[in-house]
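*Asks:* Under my numbering, think of the first position of the sequence shown as 14, with each following residue one higher.
For the record, the hints were derived by calculation from the structure and aren't laboratory data. Among the hints, a few may not be true.
[Said to hold, decoys possible] Ranges between beta-carbon positions, derived for each pair: (1) Met-275 to Ala-209: 17 to 23 Å; (2) Arg-285 to Met-192: 27 to 33 Å; (3) Gln-159 to Leu-231: 17 to 23 Å; (4) Met-275 to Gly-136: 26 to 32 Å; (5) Val-177 to His-274: 31 to 37 Å; (6) Arg-193 to His-127: 46 to 52 Å; (7) Glu-156 to Arg-236: 38 to 44 Å; (8) Val-190 to Glu-156: 17 to 23 Å; (9) Gln-234 to Arg-137: 52 to 58 Å.
Bear in mind that the values here come from a model prediction, so they are computed numbers and not experimental data. No residue lacks a Cβ here, since even glycine has one placed at the ideal position from N, Cα and C.
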Amino acid sequence: MLVSFSLCKQTTSLLHKPPGELKSNFFRPRLEKEKVVIIMGATGTGKSRLSIDLATRFPAEIINSDKIKAYAGLDITTNKIPEEERCGVPHHLLGEISPYTDFTATDFVNMASHATDSVLSGGRVPIIAGSSNSYIEALVDDEDFQFRSRYECCFLCVHVAMPVLHQYVSERLDKMVEMRMVDEVRNFFDANANYAVGIRKAIGVPEFDRYFRAEPYLDKQQRGKLLQEAIQEIKRNTCKLACQQLEKIHRLRNKRNWKIHMVDATEVFGWRGKDADEAWEKLVAGHSTEIVAEFLYNFSPQTLVTKPNLRRVPSLACGIML
């Protein structure tokens with residue numbers, strides 16, 4: 014089942030501070046380096062939801078760091094956040110790259126660096142969010158240490174226990190198929206295409222190749238069997254990718270000594286509806302807000318209210334797919 018949550022809600026003030034003190038001190042980070050928030054995690058853990066949660070609580074914009082979501086097209090297959098579900102938060106590097114060209118780590122570093130500077134020049138906080146951990150590593154630990162020398166980073170990782178996550182991504186794919194994912198990929202199918210270039214590298218594209226080639230020559234039962242085989246292969250490949258992504262994060266934390274705040278969302282995935290929203294707020298969004306507030310403004314968690322938010326936003330019926 015695809016989990017949908019309400020994101021943009023009427024919010025309350027974060028701080029127990031008098032108005033004058035809030036105006037003079039609150040929105041002025043004290044350290045010399047500019048500050049950047051980076052959200053990591055395996056596919057399906059809720060990074061997109063958390064990035065929007067934080068961007069509606071802090072003056073921030075989101076920079077996508079998922080290399081597949083950077084490509085234009087195949088929005089269902091790549092699970093991009095629809096425009097209407099972004100709660101008015103500006104997104105960068107999301108659906109901007111031609112699907113027929115390669116978007117390399119070097120390309121990402123150059124474009125993400127430019128986007129970071131642009132967001133900061135507007136007086137806002139860059140929130141870099143996505144699953145391509147090798148691209149994030151290339152950006153943060155570049156050869157000349159330019160990024161580290163200019164920016165102070167707050168790393169958040171949304172974690173979900175693998176058995177729970179595997180079940181969720183399986184249900185999510187079933188929902189994507191109901192949303193006509195197969196038709197979307199069929200319309201993009203090219204028998205002469207190179208699956209090593211561009212968006213065709215995405216999980217959910219090459220797995221359908223055999224099905225689309227054989228489809229015209231099979232009866233209904235045979236088509237159904239071959240389709241289910243393709244879907245099961247996508248599920249296996251997605252779960253394998255999630256494991257690889259988590260291993261990469263552990264390496265960055267344990268071998269590269271990145272200070273990563275692990276935020277456990279496992280319990281959230283056991284709930285539905287309002288209970289899931291409340292669990293997400295308590296365990297993920299609220300906790301992450303405290304971490305980011307302390308990082309940006311040197312406020313301790315004791316200064317925060319139960320349901321924090323740094324600025325008031327209109328009440329919108331925004332939902333998002335994890």
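*Asks:* Would you mind marking each hint as holding or not holding in the structure?
*Replies:* Going down the list of hints, with the structure as the test:
1. Met-275 to Ala-209: 17 to 23 Å: Because 34 Å falls outside the window, the suggested range is violated.
2. Arg-285 to Met-192: 27 to 33 Å: violated, 19 Å
3. Gln-159 to Leu-231: 17 to 23 Å: Violated, at about 55 Å.
4. Met-275 to Gly-136: 26 to 32 Å: At roughly 30 Å between Cβ atoms, Gly-136 and Met-275 fall inside 26 to 32 Å, so the hint holds.
5. Val-177 to His-274: 31 to 37 Å: violated, 20 Å
6. Arg-193 to His-127: 46 to 52 Å: violated, 35 Å
7. Glu-156 to Arg-236: 38 to 44 Å: Distance hint for Glu-156, Arg-236 is violated at roughly 51 Å.
8. Val-190 to Glu-156: 17 to 23 Å: At roughly 43 Å between Cβ atoms, Glu-156 and Val-190 fall outside 17 to 23 Å, so the hint is violated.
9. Gln-234 to Arg-137: 52 to 58 Å: Because 55 Å falls inside the window, the suggested range holds.
Hint violations for this structure: numbers 1, 2, 3, 5, 6, 7 and 8, all remaining hints satisfied.
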